[in-house]
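So the chains spell out like this:
Number of protein chains: 2
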Amino acid sequence: MITLDYQNLFKVNALHGLDQKIFDVPASKIQDLLKKIESRGQGFYKILDDSETLLKINDYANTVKGKYKHMVVLGIGGSTLGITTLQKSLTHEFKNNIYILDNIDPDYMREVEDVIDLKETLFIVISKSGGTVETLSQYFYFRKKIEALNLEQKNHFVFVTDPAKGLLREIANTEGVKSFKIPENVGGRFSVLTPVGMLPAKLIGLQINDLIEGAKLARDNFYNPDASVNIAWQLAKIQFEMYQKGKFLNIMMPYSSKLKTFTEWYAQLLAESIGKDGIGITPVSAHGVTDQHSQNQLYHDGPNDKLIIFIELENFKTKLEIPNLYPEHAAVDYLRDTTFNELMCLEKLGTETSLTERDRPNITIKLPNLTEKSLGEFFFILESSIAFLGEMFKVNAYDQPGVELSKQLTKQYYERKA
Amino acid sequence: MITLDYQNLFKVNALHGLDQKIFDVPASKIQDLLKKIESRGQGFYKILDDSETLLKINDYANTVKGKYKHMVVLGIGGSTLGITTLQKSLTHEFKNNIYILDNIDPDYMREVEDVIDLKETLFIVISKSGGTVETLSQYFYFRKKIEALNLEQKNHFVFVTDPAKGLLREIANTEGVKSFKIPENVGGRFSVLTPVGMLPAKLIGLQINDLIEGAKLARDNFYNPDASVNIAWQLAKIQFEMYQKGKFLNIMMPYSSKLKTFTEWYAQLLAESIGKDGIGITPVSAHGVTDQHSQNQLYHDGPNDKLIIFIELENFKTKLEIPNLYPEHAAVDYLRDTTFNELMCLEKLGTETSLTERDRPNITIKLPNLTEKSLGEFFFILESSIAFLGEMFKVNAYDQPGVELSKQLTKQYYERKA
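Residue numbers (numbering that gives the first Met the number 0), protein chains in the order written: chain R, 0 to 417; chain W, 0 to 417.
Since the hints were made in silico from the structure, they are not lab data. Mixed in with the good hints, there may be bad ones.
[Claimed, not checked] Quick list of in silico lysine-lysine cross-link-like pairs, BS3-like style, CA-CA up to 30 Å:
id	chain 1	residue 1	chain 2	residue 2
1	W	Lys-87	R	Lys-259
2	R	Lys-94	W	Lys-68
3	R	Lys-410	W	Lys-318
4	R	Lys-28	R	Lys-118
5	R	Lys-244	W	Lys-393
6	W	Lys-393	R	Lys-143
As the structure is a prediction and not an experimental result, all values here were calculated from the model.
Using the sequences and the accompanying hints, generate a full structural model.
Right under this line is the structure:
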């Protein structure tokens, strides 16, 4: 199980740290927050019980098994951040057959085209509204290419979209393209455990039942009104209290190369959910040990406006020994009988300790390992902690009114041009 | 040539924007700053004249040409951020033969091992001090593997390190390993235009002479004390003045997938150079159009504590048309006779305009194209703007005292263990 270590917050001075008593909160308070969350009518915690959809995904995966050499996901934002995280965390960096086109950059699109064989490619088109202009443009582009090869659309596309509305849904209905539904009350940034993340995850060979099982574990914890055990609530409480002390930035820093993109998934969740009405926590991505040689100077000696959230991976899959070939040399004489695993661990300990000594508040989320179950648990802990955080800040964590104007302006530029 | 567009700063209200008169600065003031920079004794702008080293790199590249199937860079922080940026910006995402091991994550290291053939691999070991524990550990690891195959170290390793000091230099001298020198007065984060970046760049087929040529263009501009034309000074001035108005965060947001990692190179430069003595600007990476669907909500409606630095690519290599297959449908009816290039451009315009309307300060750096020359120019503009910024903030932009404690602590944990 995932654990949260916040002891360092009690060690930094009172101006920048916290007192243990912030966690002395009666169960009734947490129950109140849970009721408020419930009243929002959101589905992100209910979808875990939708075993029927998982079966449909499994069935579909069986029918397409071995039929395609390449898979390409077309989507943007919440439609792709989850699957990107799953791909990077759980599959081999250099041995996987999925390409995720989360941008409309023509140079990058061309590079993907260079390496896929359209005849053997399945496109997974993901858009909550079914009307996302970037995703539709990409879909049009590749559909035209597929049809130019006299191939049938329905053999090369599958959609994940709204159950009833939008252009993709209309096309699925009228042109017989296989499709999966995103529940109406689940927003993009909360959708990784719906077909948005689960369909491509299954198609690249991940154990989606384990992802859901891990998430359910976290959900049990989320429902628990005991302040001493509810990790999602604890994390939200820490972020909220730290914000009151001027920690407007949250640095998320996994000590794992495989979790580097996890921080981008979380960045959307935190930024888009809480960043409104003039308030908001700005997420910053870093990763250990690499960024000890980059951002670390700023985190130690710059403005004390950050809460650092370390992610520690307790068990790597691989254990690699460091053979010290120059044990007498001052630069490395302390490296004895050690592994890259231990070096990573002790460097993280050095960094968190020196930050704490300089009164820089930091906490650590500990992941037991990189498996579907742990990732499912982790996704859900963070989604549910954002739900708590929204109620603490008294904002609606589920909308994004601020992005409408720029979309309208782009549309206007086109209309003026016409 | 690269240009800087800061007109939006004059459009946002005075509380969050700037007045045009901040640029009314006499040449003597800029000359003073240039003298202060000169007095720091740093070499980052002098190295551009070192044509001898470029010749040596070209010669070496000729001798190893075609000999290796794979290349692996071992390094961390300033030793790898430059080459990573060059690789991602200028080479094909899926067709290049270089692996950059900028972390000691054992799972990721194993994945690289899985796909390289040691017998046909050249390791480029980069460490300024020659004593970076992570890089030495990786070097030991792969050297042992190479020797276990009865292969000779000197056929599989090349070093880039200090001219005189450190373990790597000692090994180069005593064991005959080919090596290149990093000038003593050039720090890691300013080293991309030394052999640190240039050697691996040449080995993956980039035109390093063009990189230097572009940087020289930028250097001419850096030396120009005319406030109306010196881009590096203008950028620093904007960052400095914005900081006085509470813009403690700089979001760097390229509208280009190929420039996504450029922001990580810049993040180190900004964070490590200026983040000291309790001050510092926190760099945040974003990328367009993707992050319009992620961070954009926060940037529009969250705390107004950010300066957004857009990077616009004026010409992509590829032009891709968007075939509008459903021109009557409301979701896309405005897309007519358009390209992904234009959509990207108009989305960026929509975003900067809506941010400006909400009094969110933003500027745009315009890159004419993605070529060695432009990248060289861009690297140098930012390095030299950081030099100006250091003098404006009255900090030494070239040291990093804050990271020493964590290194010592890690060493102590090992010593206690022994």
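Structure-based check of each hint:
{"no.": "1", "hint": "W:Lys-87 x R:Lys-259", "result": "17 Å, holds"}
{"no.": "2", "hint": "R:Lys-94 x W:Lys-68", "result": "18 Å, holds"}
{"no.": "3", "hint": "R:Lys-410 x W:Lys-318", "result": "21 Å, holds"}
{"no.": "4", "hint": "R:Lys-28 x R:Lys-118", "result": "57 Å, violated"}
{"no.": "5", "hint": "R:Lys-244 x W:Lys-393", "result": "27 Å, holds"}
{"no.": "6", "hint": "W:Lys-393 x R:Lys-143", "result": "58 Å, violated"}
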